[in-house]
Amino acid sequence: MTAPARTTVAAPTRRSPTISSSRKAMNNVMLGLCVAATALTLAVLAWIFGYVLIQGARHVNLAFFTNLPAPVGEPDGGFLNALVGTAIMVGVASAIAIPIGVFAGIYLAEFGVGWLAWTVRFVNDTLNATPSIVAGLFAYTLIVLETHRFSAFAGSVALAVLMIPTITRTTEEMIRLVPRALREGALALGVPEWGMTLQIVLPAAASGVVTGIMLAVARVSGETAALLFTAFNNRFLSASLNEPMSSVPVQVYTYAIAPYEDWHHQAWAGALVLVTLVACFSAAVRLATRNRHQSLT
Amino acid sequence: MAAVHTGSIATTPTTARRHSLQRRGPPALRGWITLDPLFRKVCAAFGLSIVSLLGFVVYELLRGSSASLARFGASFVFDRIWDPVAEKFGAATFVYGTAVTSVIALLIAVPLGIGIAIFLVEMAPRAVREVAGFLVELLAAIPSIVYGLWGLFVLAPIVRDGLAPVLRTTLGFLPLFTGPSYGLGMLTAGLILAVMVLPFIAAVSRDVLSAVPQMQREGSLALGATKWETIWHVVLPYGRAGISGAVILALGRALGETMAVTMVIGNSPQIVASLFAPGYTMSSVIANEYSEASGQLYLSSLTELGLLLFVVTFAVNGVARLLIWRMSRGAEGSRA
Numbered sequence: 001m002t003a004p005a006r007t008t009v010a011a012p013t014r015r016s017p018t019i020s021s022s023r024k025a026m027n028n029v030m031l032g033l034c035v036a037a038t039a040l041t042l043a044v045l046a047w048i049f050g051y052v053l054i055q056g057a058r059h060v061n062l063a064f065f066t067n068l069p070a071p072v073g074e075p076d077g078g079f080l081n082a083l084v085g086t087a088i089m090v091g092v093a094s095a096i097a098i099p100i101g102v103f104a105g106i107y108l109a110e111f112g113v114g115w116l117a118w119t120v121r122f123v124n125d126t127l128n129a130t131p132s133i134v135a136g137l138f139a140y141t142l143i144v145l146e147t148h149r150f151s152a153f154a155g156s157v158a159l160a161v162l163m164i165p166t167i168t169r170t171t172e173e174m175i176r177l178v179p180r181a182l183r184e185g186a187l188a189l190g191v192p193e194w195g196m197t198l199q200i201v202l203p204a205a206a207s208g209v210v211t212g213i214m215l216a217v218a219r220v221s222g223e224t225a226a227l228l229f230t231a232f233n234n235r236f237l238s239a240s241l242n243e244p245m246s247s248v249p250v251q252v253y254t255y256a257i258a259p260y261e262d263w264h265h266q267a268w269a270g271a272l273v274l275v276t277l278v279a280c281f282s283a284a285v286r287l288a289t290r291n292r293h294q295s296l297t
Numbered sequence: 001m002a003a004v005h006t007g008s009i010a011t012t013p014t015t016a017r018r019h020s021l022q023r024r025g026p027p028a029l030r031g032w033i034t035l036d037p038l039f040r041k042v043c044a045a046f047g048l049s050i051v052s053l054l055g056f057v058v059y060e061l062l063r064g065s066s067a068s069l070a071r072f073g074a075s076f077v078f079d080r081i082w083d084p085v086a087e088k089f090g091a092a093t094f095v096y097g098t099a100v101t102s103v104i105a106l107l108i109a110v111p112l113g114i115g116i117a118i119f120l121v122e123m124a125p126r127a128v129r130e131v132a133g134f135l136v137e138l139l140a141a142i143p144s145i146v147y148g149l150w151g152l153f154v155l156a157p158i159v160r161d162g163l164a165p166v167l168r169t170t171l172g173f174l175p176l177f178t179g180p181s182y183g184l185g186m187l188t189a190g191l192i193l194a195v196m197v198l199p200f201i202a203a204v205s206r207d208v209l210s211a212v213p214q215m216q217r218e219g220s221l222a223l224g225a226t227k228w229e230t231i232w233h234v235v236l237p238y239g240r241a242g243i244s245g246a247v248i249l250a251l252g253r254a255l256g257e258t259m260a261v262t263m264v265i266g267n268s269p270q271i272v273a274s275l276f277a278p279g280y281t282m283s284s285v286i287a288n289e290y291s292e293a294s295g296q297l298y299l300s301s302l303t304e305l306g307l308l309l310f311v312v313t314f315a316v317n318g319v320a321r322l323l324i325w326r327m328s329r330g331a332e333g334s335r336a
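Top to bottom, those sequences are chains Y and S.
Using our numbering, the first residue of the first sequence is number 1, and each one after it goes up by one.
Using our numbering, the first residue of the second sequence is number 1, and each one after it goes up by one.
Note that these hints are calculated values from the structure, not bench results.
In this text the structure is predicted, and so the values were computed from the model without any measurement.
One or more of the hints may lead you astray.
[To be verified] In silico EDC-like cross-links for lysine to aspartate or glutamate, where the CA-CA straight-line distance does not exceed 16 Å: (1) Lys41/S / Glu243/Y; (2) Lys24/Y / Glu229/S; (3) Lys227/S / Glu292/S; (4) Lys88/S / Glu289/S.
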């Protein structure tokens with residue numbers, strides 16, 4: 001007799017004066033919408049990934065990696081020129097961007113106080129978000145206009161402009177994670193500042209710095225807009241930095257907007273290669289940074 | 001790297017080697033200590049090179065667009081006519097296309113992105129948060145050409161055959177949703193842009209919401225607020241500056257995005273009310289016409305479009321950075 005009476009009385013008095021049913025409903029609806037937003041986004045992600053995966057897997061084959069482009073209608077055309085071109089241009093861009101990015105990152109992490117460092121950091125962050133087509137325009141007026149020809153070198157310079165801010169930023173962040181005690185230990189043993197930075201701090205942050213470089217490489221490997229009118233395109237295999245050079249994203253673009261069915265198929269295969277590359281890099285970066293945070297904090 | 005931490009245990013081979021290295025090191029290095037000022041200067045020079053890179057980019061763009069700047073002046077931005085044959089160039093149609101597609105993208109992506117951030121920070125268990133966070137980051141890393149490919153072959157037909165007819169029958173009284181849809185148009189471009197900027201909004205908002213002190217939430221909950229009321233009245237206002245920064249950052253991305261938009265917008269320089277109609281953006285016209293442009297004035301006008309784009313995105317990103325820094329300065333200070 002008493003037990004049911006207590007539950008019917010106690011429950012409303014404890015809850016209803018503070019949280020009305022409309023407020024509870026509002027709570028549930030809005031939190032539900034947040035879950036729905038996440039689910040919707042993940043569904044779109046799965047859709048895009050799944051579509052690229054299926055279409056790409058259907059059309060990727062050995063010839064794709066080993067053959068040059070074939071004329072329309074002929075089978076067994078490939079992306080060899082584009083794969084080699086991307087590798088060369090990203091390599092040259094890395095050679096330009098890595099020293100600048102790493103040392104600028106060291107500057108910001110080790111000596112980065114005052115208005116000058118603030119300016120560098122601010123400019124770096126805003127450069128990082130510069131549209132890639134602007135990097136292409138820069139390389140065009142700087143190199144293509146002067147030499148009167150599209151060239152792989154101009155493309156590499158455009159890519160380097162896009163890589164530098166990413167490398168600078170991650171290098172700074174990773175070097176900041178190196179414990180203070182390590183620096184103090186080195187200095188206490190009489191190591192000069194530059195020796196401490198280059199021989200103790202930089203090696204300790206090496207995996208993180210490499211991660212940042214990989215991130216930048218992954219980003220520019222899929223870069224199209226910066227290469228459209230700098231490196232242009234080339235149907236043949238070329239290793240000369242003074243000649244136009246093909247790249248995977250530009251060739252995907254050329255094939256996608258062409259009205260030929262078999263070129264579309266190859267474009268999907270190219271897209272699959274790009275997505276695989278990016279996914280692998282992202283996963284590696286994720287793993288590397290997670291271990292890093294665990295070991296240093 | 002772990003060996004570095006256990007420096008006090010002299011028995012591990014790594015530390016033993018390090019000790020001998022350091023015993024030999026200081027006397028050899030001591031003579032080199034005079035290099036320190038030089039090292040600082042070299043590092044500072046590399047830091048400065050980033051600032052000069054910015055100056056260099058601006059200089060080259062100005063140089064490239066000097067002919068157009070001299071010929072058209074300020075009217076370049078407001079003139080609608082883009083006629084390479086008559087050598088008359090005005091950017092208004094491209095500015096319009098860029099603005100409209102970016103607005104569509106933000107209208108869709110902002111609520112979704114903030115919703116994701118709320119889910120990840122306030123609701124999701126740790127494991128879900130990590131996995132969903134990674135997937136959202138992955139979405140941000142996909143090259144724009146892949147989005148373009150998907151937009152061209154998958155999204156555009158869906159807009160033409162599914163979305164456009166539905167919008168026309170339900171919202172057809174608005175001039176925005178009238179006329180035929182060929183799939184390629186400003187609506188499709190806005191949709192693909194929304195998918196592309198969504199991860200930025202979600203990721204940055206997530207970081208901002210994570211920086212809101214736990215005490216704020218506990219105080220609100222203790223006063224009897226529901227979880228949603230706590231989020232709406234306490235957490236979101238606290239992170240307002242940072243979330244605005246995230247949105248403006250996303251705007252910067254949307255304004256400058258090139259390839260995906262070029263592939264789905266239809267590339268037709270016109271200003272019409274209907275979102276189904278094809279349009280053209282600043283970055284798309286550069287991508288499409290630059291390598292084939294003949295004549296100095298033509299090239300120069302395209303470069304000026306790039307300069308305009310650069311100035312606008314730089315300003316937009318600068319504002320966003322300032323907002324985010326103001327928000328996260330406290331959190332970063334405690335971390336360092």
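Right, here's what the structure says about each hint:
no., hint, result
1, Lys41/S / Glu243/Y, "37 Å, violated"
2, Lys24/Y / Glu229/S, "10 Å, holds"
3, Lys227/S / Glu292/S, "57 Å, violated"
4, Lys88/S / Glu289/S, "15 Å, holds"
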